[in-house]
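Number of protein chains: 2
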Amino acid sequence: MSAPAISVIERALAGFKPEDHGLPADFILTKLTAMKGCGCKVPREVLLELLKTFDDGSMVIDNDAGVGIGLDSCVVPLRHKGLNLVQTTDFFYPLVDDPYLMGRITAANVLSDLYAMGVSECDNMLMLLGVAVELDGVARDVIIGQFMQGFKDNADMAGTKVRGGQTVRCPWLLLGGVASSVAADDEIIRVDQAKPGDVLVLTKPIGGQVAVNSYEWLKKKTGRVEELGLDECKILKAFQQVTVQMCRLNRNAAKLLHKYQAHASTDVTGFGMLGHADNLARAQKEQVQFVIDHLPIIEYMDEIATKMPNGNGFNLFTGTSAETSGGLLVAMSLENAAEYIREIEMLDGFPAWIIGRVEATSGNRGAVISPDLQIHSVASSIHQQLN
Amino acid sequence: MSAPAISVIERALAGFKPEDHGLPADFILTKLTAMKGCGCKVPREVLLELLKTFDDGSMVIDNDAGVGIGLDSCVVPLRHKGLNLVQTTDFFYPLVDDPYLMGRITAANVLSDLYAMGVSECDNMLMLLGVAVELDGVARDVIIGQFMQGFKDNADMAGTKVRGGQTVRCPWLLLGGVASSVAADDEIIRVDQAKPGDVLVLTKPIGGQVAVNSYEWLKKKTGRVEELGLDECKILKAFQQVTVQMCRLNRNAAKLLHKYQAHASTDVTGFGMLGHADNLARAQKEQVQFVIDHLPIIEYMDEIATKMPNGNGFNLFTGTSAETSGGLLVAMSLENAAEYIREIEMLDGFPAWIIGRVEATSGNRGAVISPDLQIHSVASSIHQQLN
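The listed protein sequences derive, respectively, from chains D and W. Per UniProt numbering, the very first residue in the first sequence carries number 1; after that it's consecutive. Per UniProt numbering, the very first residue in the second sequence carries number 1; after that it's consecutive.
Just so you know, these hints were derived from the structure itself, not from any lab. A couple of the hints might just be wrong.
Partial selection, computed: residues in chain W whose CB lies under 8 angstroms from chain D [said to hold, decoys possible]:
1. L78
2. L83
3. N124
4. L128
5. R163
6. P171
7. W172
8. V178
9. Q193
Where is the CB? At the ideal position from N, CA and C, for every residue including glycine.
Chain D extracted, bound-state conformation (with noise of 0.2 angstroms):
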């Protein structure tokens, strides 16, 4: 495994020139699609009640970590004693329009989801394309070609390979992966032992959504930016740190599970922090609650949102607002969580939190927004290095 030679930093401070590509000035990525990103899923309640035609069992409905959210990853005890089949897959629509960061986010997102389990090593990946029927030759060639990059780029951080895939074409420009890993039985974290006292770990801030309709606000002059007095730089920042910040592998924080002794983890993507934290909840051992007590945003998001009607623009501060390849969250004890945030930051030089915690409960299951939500703003910490 070796650093790409394009640095994610620079390429989304630099932001993606069409004309340097041999696109048109007025290009955009994101117009080959009506959908962003991981906004783009059938609703979850709809998606369960179609499941249930496989009411024999035999479709097993487990996500993430096998804890019956819906379809998307799996652990298949294989023929082979002690391994395992762990496998997930994912695709969406382009939310940048930058194609190599769209590579390299697709893969991230993929792949975090054996990240959630802590399944760090990954065995193959396979790369899903829809190739937008209105991308003639020059534009097809260079944000496909861009887009193989990206996603190839991630894999060699992942110290995994792209070793098959398919493209087909379509109305929209679609973008999506397979990971999988044979893993064995202690590779994979079991991720229903959370108990009472335990807090919960965010490894990346929420706010994602936001982020990114507001750049779109701003990009395609919808009047939304100055109808709300927004300001441009602030979103500009945010957009740039977001984008940063969903190109980032989910792998460290998925080894430090190990070592620190996770009892519950989960990926944070479309149902949004809370839905996640719900899901995850629901399928512990033990009858608990997950109670979020502090909200680490990005900078200016909370500040959009506020500003929105009902003063919770996209539902931020109800904590269903969408990510996309968003951090982990984390239930564990309190002394390895302060140890695990330690060690994340050192090696992925972003920080962590603890945004809650973990309580018995006599009544359902589930994750619930605390009264005394503290927010929290999370500065760009790509700017600052810079500075």
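Assemble chain W onto chain D, guided by the hints.
Here is chain W on its own, set in the frame of chain D:
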């Protein structure tokens, strides 16, 4: 493994009546896309050009058999000694109107890439689904529910399970899957051992693209049927025949590759019989040419192709007409081929044929159609069985 409650043959013969499922009588599944089945693939030359991005060889470009064709399937030697991860993925668009049968075809088509390598045990399947945005509540639930049932029924037939997947909204209905097997070295056929003197066996007749398209002309009343003076009844029969054939797994054909010591094999899909034969020939260790001197074609499809411009509609007689979930194309000794064909016919109830031979060449490796090509019209055995 038990046979599904729903018979593919009965279902194909009955036709799909939308009103029986609470849908408008004029509901047509294949209208939810502008492309059909394996005809939707990005052209091979475009794909190969794009894949040059990976010029460090880290993306191993291998298909059916690790033979340098394009992105389609792969064999990954694992950290666990003597074991390999064999994986394949495919997704495409509906090409028949019955969503249940589309589910079976989709599963059969993705499994076929494992079978092409002699891997008959699939350890896990993932389902990939793009739900057409225009599908409303009832239609969505019926279509997706039936599709899932068909996909699951063929997974059952294959002795495997569907344990994950991904669902997004998409302008077109997009159907696909991933099939994975963790296989010991000796479960995988070496597919580069064809020798001069070998014969080539094909396990399903060609002409699928002609059958699907001519049925489309009929159904959509495009005027083409009258213009070419075609027989509606014969078109319908051919469509039913190809529907059943596309649902049929190549699993027995795969198991017998071992018993009869196949030297090379692939499956016939989007590039057509000759396209896949050509890819396979180029991948052989010995400097050989595959010569096709016999084309088994679904009854009446040769007549349609003859009546079309150039007398070669869909390039049927030049061998590149696209198939979806086509048969295996196998190189083996003449003696073994006779036994292989006999045993497949016994197990599957459908015929297979010797369609060509392997010759030494001093020129380029590849596959060619013999000047003495014989056309053989394959009558529908599903209709015969009913008489």
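Going through the hints against the structure:
With 8 angstroms as the threshold, the beta carbon of W/L78 comes within range of chain D, its nearest partner Cβ sitting at about 5 angstroms, so the hint holds. Nearest Cβ of chain D to the Cβ of W/L83: about 6 angstroms, under the 8 angstroms cut. The hint holds. Checking W/N124 against chain D: minimum C-beta separation of about 5 angstroms stays under 8 angstroms; hint holds. Hint status for W/L128: holds, given a least beta-carbon distance of 7 angstroms to chain D, under 8 angstroms.
Proximity of W/R163 to chain D holds as hinted, the smallest CB-CB distance being about 4 angstroms (cut-off 8 angstroms). Satisfaction of the interface hint for W/P171 is found here, the shortest Cβ-Cβ separation to chain D being roughly 4 angstroms, below the 8 angstroms cut-off. For W/W172, the shortest C-beta to C-beta distance to chain D is roughly 6 angstroms, which falls under 8 angstroms, so the interface hint holds. For the restraint placing W/V178 at the interface with chain D, the shortest Cβ-Cβ distance is roughly 5 angstroms, inside the 8 angstroms limit, so the hint holds.
Given hint, W/Q193 at the interface with chain D, is violated; its Cβ is 22 angstroms from that chain's nearest Cβ, farther than 8 angstroms.
Checked against the numbered hints given earlier, the structure breaks only hint 9 and satisfies all the rest.
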